[in-house]
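Chemist: In order, the protein sequence lines correspond to chains A, B and C.
Going by the working numbering, 494 is the number at position 25 of the first sequence; the sequence numbering is gapless.
Going by the working numbering, 210 is the number at position 188 of the second sequence; the sequence numbering is gapless.
Going by the working numbering, 231 is the number at position 131 of the third sequence; the sequence numbering is gapless.
A couple of the hints might just be wrong.
Only some residues are given here: those of chain A computed to face chain C with a beta carbon under 8 Å [as the list claims (entries may be wrong)]:
{"#": "1", "residue": "T520"}
{"#": "2", "residue": "L524"}
{"#": "3", "residue": "Q564"}
Just so you know, these hints were derived from the structure itself, not from any lab.
Beta carbons: idealized from backbone N, C-alpha and C, even for Gly.
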Amino acid sequence: MTHAQAFSQSFSQTKDSTSEVADRQYWMSVLARADLSDLEAYWQNLPLQPTFRHLRKPEIGMAMVRGRTGGTGSPFNLGEITLTRCVVELDGNTQGFGYVRGRSRRHAELAALFDGLMCENCNEHGPALIQPLHEQWLARREEVSRKAATTKVNFMTMVRGS
Amino acid sequence: MYVAVKGGEKAIDQAHSWLDETRRGDTSIPELSVAQIRQQMGLAVDRVMAEGSLYDPELAALALKQASGDAIEAIFLLRAYRTTLPRFLASLPMETNTMAIQRRISAAYKDLPGGQVLGPTYDYTHRLLDFTLLANGERGNSSPSTLPSTQPSDETVEDCPRVLDFLNSEGLIESPLANSGDLQPDDSAPADLTRQPLDYPAGRDLRLQALARGDEGFLLALAYSTQRGYGRNHPFAGEIRQGEVAVEIAPEELGFAVIVGDIQVSECDMINQFIGTATEAPRFTRGYGLAFGNSERKALAMALVDRALRARELGEDVVSPAQDEEFVLAHCDNLDSSGFVSHLKLPHYVDFQSELVLLRRLRKEFEQRTSGRQDPKANTTSKPGNQDEPSMDNEQHREVKQA
Amino acid sequence: MTATNETHLFAMQALSTTFSPALSPATSTAFSLAGLCAGFDDPVHQSQQVFRRALTALSEPGTVQNVPESPAPEGAHSASYQLCLTLLDAETPLWIAPALRTDALVSALRFHCGCRLVDEPGQAEFALISPDFDGDLTHFAQGSHEYPDRSTTVIVQVESLDAASTWTLRGPGIDGIRKVGIAGLDPRWPGMLADNCRQFPCGVDLMFTAGTALMGLPRTTRVEI
Numbered sequence: 470m471t472h473a474q475a476f477s478q479s480f481s482q483t484k485d486s487t488s489e490v491a492d493r494q495y496w497m498s499v500l501a502r503a504d505l506s507d508l509e510a511y512w513q514n515l516p517l518q519p520t521f522r523h524l525r526k527p528e529i530g531m532a533m534v535r536g537r538t539g540g541t542g543s544p545f546n547l548g549e550i551t552l553t554r555c556v557v558e559l560d561g562n563t564q565g566f567g568y569v570r571g572r573s574r575r576h577a578e579l580a581a582l583f584d585g586l587m588c589e590n591c592n593e594h595g596p597a598l599i600q601p602l603h604e605q606w607l608a609r610r611e612e613v614s615r616k617a618a619t620t621k622v623n624f625m626t627m628v629r630g631s
Numbered sequence: 023m024y025v026a027v028k029g030g031e032k033a034i035d036q037a038h039s040w041l042d043e044t045r046r047g048d049t050s051i052p053e054l055s056v057a058q059i060r061q062q063m064g065l066a067v068d069r070v071m072a073e074g075s076l077y078d079p080e081l082a083a084l085a086l087k088q089a090s091g092d093a094i095e096a097i098f099l100l101r102a103y104r105t106t107l108p109r110f111l112a113s114l115p116m117e118t119n120t121m122a123i124q125r126r127i128s129a130a131y132k133d134l135p136g137g138q139v140l141g142p143t144y145d146y147t148h149r150l151l152d153f154t155l156l157a158n159g160e161r162g163n164s165s166p167s168t169l170p171s172t173q174p175s176d177e178t179v180e181d182c183p184r185v186l187d188f189l190n191s192e193g194l195i196e197s198p199l200a201n202s203g204d205l206q207p208d209d210s211a212p213a214d215l216t217r218q219p220l221d222y223p224a225g226r227d228l229r230l231q232a233l234a235r236g237d238e239g240f241l242l243a244l245a246y247s248t249q250r251g252y253g254r255n256h257p258f259a260g261e262i263r264q265g266e267v268a269v270e271i272a273p274e275e276l277g278f279a280v281i282v283g284d285i286q287v288s289e290c291d292m293i294n295q296f297i298g299t300a301t302e303a304p305r306f307t308r309g310y311g312l313a314f315g316n317s318e319r320k321a322l323a324m325a326l327v328d329r330a331l332r333a334r335e336l337g338e339d340v341v342s343p344a345q346d347e348e349f350v351l352a353h354c355d356n357l358d359s360s361g362f363v364s365h366l367k368l369p370h371y372v373d374f375q376s377e378l379v380l381l382r383r384l385r386k387e388f389e390q391r392t393s394g395r396q397d398p399k400a401n402t403t404s405k406p407g408n409q410d411e412p413s414m415d416n417e418q419h420r421e422v423k424q425a
Numbered sequence: 101m102t103a104t105n106e107t108h109l110f111a112m113q114a115l116s117t118t119f120s121p122a123l124s125p126a127t128s129t130a131f132s133l134a135g136l137c138a139g140f141d142d143p144v145h146q147s148q149q150v151f152r153r154a155l156t157a158l159s160e161p162g163t164v165q166n167v168p169e170s171p172a173p174e175g176a177h178s179a180s181y182q183l184c185l186t187l188l189d190a191e192t193p194l195w196i197a198p199a200l201r202t203d204a205l206v207s208a209l210r211f212h213c214g215c216r217l218v219d220e221p222g223q224a225e226f227a228l229i230s231p232d233f234d235g236d237l238t239h240f241a242q243g244s245h246e247y248p249d250r251s252t253t254v255i256v257q258v259e260s261l262d263a264a265s266t267w268t269l270r271g272p273g274i275d276g277i278r279k280v281g282i283a284g285l286d287p288r289w290p291g292m293l294a295d296n297c298r299q300f301p302c303g304v305d306l307m308f309t310a311g312t313a314l315m316g317l318p319r320t321t322r323v324e325i
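So that you can see chain A by itself, here it is in the shape it has in the complex:
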């Protein structure tokens, strides 16, 4: 089974990240792609919800999405996406950042909180939160890819004339 398609550059297109940054890029992308309900459920079930303050309250805005001419050439402005961002500071002075496509303030806030919690204690929340969410996302994506594979065709060229 090839996962290459679904996995390729799932976390960042940047190539020069240190492993700490790469790990953080990984979990931040997982948090951004997660369903709000799953994040909320995990937050509600935390034995001890950390106290925190907002360095930046959840805020809805946009990002201009760029494409590349011919797919691989120089960039151009394609159009905007809605984007919500939030920055929190946990008790222990750890900052968490959330950037989420769409307009869910709560999603951005929870993404920021879990980013902070992951920075503090990734060995607890990594296996319990990030990994299952990532697997869910992968499974959804793989399902789509398997459906697409059923529509794969081999066109046969008919021999003309006699």
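Using the hints, position chains B and C against chain A.
Modeler: Quick look at chains B and C alone, frame taken from chain A:
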């Protein structure tokens, strides 16, 4: 000239109230939810996002509901909404080579790595109205367990390398970097027509932005015109792709890039003929289309028009509308177009009065001229430029001449 | 294929239960957020209020407008800081005179506004300076005859805006004349302002700040001593 008019407030309120009623339709029919539109009118939602230039399926669905399904009105609503939001930053350029493929076809190569993946396409449908949708709803009578569903394959889609890269490696097609002459793409900030007024000649970045948010119908007609000979450039659909691509941003305060989610896009690489010049060998050239959502027709049309607009750069004669940058870019935005056409509905009472006065005067002059036809000299004094002068002057001129 | 394989491996690694040791946020983010000066608590309304003051300041040149008290990073006047929070974002490059370029101010503006700091005054849409800055007003972007709006808006931090009146202002937004007393400007200023005014429609617009007070001096205002 515009003159403010007052009044009509009550009538306007009533018109809006009736509009709401009309939009809702027969209340014995269940109301359509935004979620239903988003799920079941997906291609309309995608068009509104593409031309509204804002990717947010929920808002696009809401706009369609509010606009009674009028795409241009919905696009207007979305564009108006986007002006209320701050733009935090621009994304890193999307790498569409990493697209999670749902559809991928090439009309240039039959057998290619990754294969031809049809995806959820209308292409091979028979275009026969499906009366089961009318009579019973979905086939299987709407029980969720029996709704049509695709049985997934055991395999996922294989890697789909970009078709144009095959040609590129053989040197048969221009490099995607052809214009810059660089080995690397120029990743400096591209021009942005939402920030600076459109200026001609426009770079390809600006043209692609204008086309990406341009009206599908207008681009489609222009694309068709190139195929019918108005700027012919012999196109082949090298590759068409649909699927999800990650959007990644690098916030100033974070210091590294993060993915914020995925968006559905349609992409088209067009291969076009180029006969070469005295100094350049014949080779294929490229046209490119990219649009939000499943907007394949739009991406195809965009790619054809993009190529047509490169005429000047490729040393071709600019002889057709699709090759005329100013003609295309100035008229492809459906909000610009509908705004200026629709403004004719606004009161022009004073303009019209002045036209009436002018017309009456011209007719009077005409009558005086024709009644005085016996004198051939009288005609020579009548010039088009005289229409702004008081008619007495004409009379005086005539008298002077006759004297 | 190599690239995707590497990513694939990384995916597997990331899926395993071990992550790198907890990060020190200071090393992972672009700059330290420790002790970061707060921005607006209610960005929409507070920035609207400050914008209204800025608009009045520029449309009635020479009048003193006051913004509400609020903390500002070291080196910045409260009014300057609030103007920055109101007017700057990711699309407005900012130049800060070296003397004012404290870590606290830079971090706060980069975080709250997301604005880019530029090295050349001429690249900046906004600039924050003190009166004794090195150079003169022509170093900033002046705009063009086609686009006079493409000039720098310069925020000047002065000692006080209510000193004994020394200057007489004339021009649009002033009924006759208006007397102002700006303390802390060196003798170069009247000449620089006169040159700036002569450039119309090009030239820079100025905002003078002292504490929570601000005063506008657009390019249309003529200064007499």
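Chemist: It remains to establish, for every hint, whether it holds in the given structure.
Modeler: Okay, the hints, checked on the actual structure:
Residue-level restraint check for T520/A is violated (minimum Cβ-Cβ distance to chain C is 17 Å; threshold 8 Å). Interface hint at L524/A: satisfied, since its Cβ lies 6 Å from the closest Cβ of chain C, which is below the 8 Å cut-off. A cut of 8 Å between beta carbons decides the hint on Q564/A: the least distance to chain C is about 5 Å, and the hint holds.
Going through the hint list in order, the structure does not satisfy hint 1, though it satisfies all others.
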